[in-house]
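There are 2 protein chains.
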Amino acid sequence: MSESRQDIHNSDVPTLCRACEARHNGICGALRTDELLRLSRHTTSRRVPAGTELVGEAENIETYANVLSGVVKLSKVMADGRQQIVGLQFAPDFVGRPFQESSKVCAEAASDVTLCIFPKRSLDAMMVEAPGLEHRLLRQSLNELDDAREWMLTLGRKTAEEKVASFLHLIATHIDPEKQVARTNRAAFDLPMTRADIADFLGLTIETVSRQITKLRKAGVIEIEGTRHVTVPDIAELEAIANG
Amino acid sequence: MSESRQDIHNSDVPTLCRACEARHNGICGALRTDELLRLSRHTTSRRVPAGTELVGEAENIETYANVLSGVVKLSKVMADGRQQIVGLQFAPDFVGRPFQESSKVCAEAASDVTLCIFPKRSLDAMMVEAPGLEHRLLRQSLNELDDAREWMLTLGRKTAEEKVASFLHLIATHIDPEKQVARTNRAAFDLPMTRADIADFLGLTIETVSRQITKLRKAGVIEIEGTRHVTVPDIAELEAIANG
DNA sequence: CGATATGTTGATGGTCCTCAAGACCCGTGG
DNA sequence: CCACGGGTCTTGAGGACCATCAACATATCG
Chain A
252 MSESRQDIHN SDVPTLCRAC EARHNGICGA LRTDELLRLS RHTTSRRVPA
302 GTELVGEAEN IETYANVLSG VVKLSKVMAD GRQQIVGLQF APDFVGRPFQ
352 ESSKVCAEAA SDVTLCIFPK RSLDAMMVEA PGLEHRLLRQ SLNELDDARE
402 WMLTLGRKTA EEKVASFLHL IATHIDPEKQ VARTNRAAFD LPMTRADIAD
452 FLGLTIETVS RQITKLRKAG VIEIEGTRHV TVPDIAELEA IANG
Chain B
252 MSESRQDIHN SDVPTLCRAC EARHNGICGA LRTDELLRLS RHTTSRRVPA
302 GTELVGEAEN IETYANVLSG VVKLSKVMAD GRQQIVGLQF APDFVGRPFQ
352 ESSKVCAEAA SDVTLCIFPK RSLDAMMVEA PGLEHRLLRQ SLNELDDARE
402 WMLTLGRKTA EEKVASFLHL IATHIDPEKQ VARTNRAAFD LPMTRADIAD
452 FLGLTIETVS RQITKLRKAG VIEIEGTRHV TVPDIAELEA IANG
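Protein chains in written order, with our numbering: chain A, 252 to 495; chain B, 252 to 495.
Keep in mind the hints are simulated off the structure, nothing from the lab. Hints may be right or wrong, so weigh each one.
Intra- or inter-copy, both count: the list cannot distinguish identical chains.
What the hints assert, rightly or not - In silico SDA-like cross-links for lysine to any residue, where the CA-CA straight-line distance does not exceed 20 angstroms:
#, residue 1, residue 2
1, K355, E490
2, K371, D397
3, K371, E313
4, K355, N494
5, K355, N394
6, K355, G495
7, K355, T424
8, K355, D398
9, K355, A493
10, K355, A491
11, K355, H420
12, K355, H425
13, K355, Q391
14, K355, R372
15, K355, R408
16, K355, D397
Model the full assembly from the supplied sequences, consistent with the hints where possible.
Next comes the structure, spelled out in structure tokens:
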């Protein structure tokens, strides 16, 4: 494996891609150096502040993107304004919907986000030539499907307390792509979204979210500094609450 | 296209596959006649009664399947028994989870079901050779993901009445693979599952489901014979209720 | 024709939503 | 430095919706 495909001419790897997480674990890992180079010609790296709308619901899709840092939220809105977040994407996830003209969800930066953006057409074309690309996309899609189904259980059957605990556990285990499943059983992180976002993710109101967070804090399951910084002294305990 | 790949030697198409929906719209459409033949050697068609467990949660996966008729439910159960149905599969859907040893959901026949069952190993091997297979799987996965997200909105933000209307609308538009989106604005069908299943799908109790069905019936939105046969005189109205 | 599973209806209560007020946070400008 | 203001978050009181418990009705099947 010392001669894996993307390392044949490492010096030819586009500068943009050198330090990119998506190249290693994301979909770009399926591309040869020359393919990477071709794609990168139409690619731009962009840093956007929290709240930026990337793709509107029912909007035509012109571009895809990879998340390099931060959190992107996918949401749906009903006619009367009720909103539900239907997915969160962390680095190095791929954001986009192949084989479809328009998006069925709204994609928005939940925190400050850096993205690698490329035209839909470029990747669509490349998918025909490089079958490994569809393979990677299939893997990610199946994982997202697993996540979505896990979350359906949370939305449909868990209590408010369990929901909030589930959310905190999700963030604790996903926010930091580096320290993977660092088996320290302890985590500290900043919540990447507002109480309103959390409520929309959990199918609750902000008041209920706030109350449950307070409850978990008073029970010693979590510690909080300011309103965003969370410390979890015992992740196993949090997980136990999340699962009833 | 008069010489499309699977018609080159139509007489060589396995008997099993001749009348199969999955061959036309399902994943088998990606296979050449000879590949179809090879796969079919390890394939069995099976008819199972409602309630049959196909794959247990956290169970090792040995086989995949195509749904030929009926409805398969995918569900998750919590330690204390709370249950959530996280997906319904109709003909000609593919049932299975590539790239994973064990299943994260339980697959069970919701109604009487006919399946086309084949070994995981056979299809896994074929996926390497026939890239069109991964393409089809990717398409289905993305569609399932869209469905799952649509349902997350239902679970998280809709009222009991809207949930039940959403479910009836889903069944009305998916149960009959033939008459596709027959723009008659009228539908008649048998519910393929019990009230308990419906409740588990909607994140409600059977009592609430029953009450909401009664309410829709008294409002003239649906008509019911026995407990299972439903007639929807105005699908648009049902959909309007489902969406608030 | 009874037996069991499935479905309906009613009474009551708990969980979470709604409405409302106040506390905290943070950047801006006096 | 502090006052101000808007956004965010917390806390409280009351109410709506759906769950729970219970009884009964209906369907299904040996």
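> Which numbered hints does this structure break?
Replying inline: none
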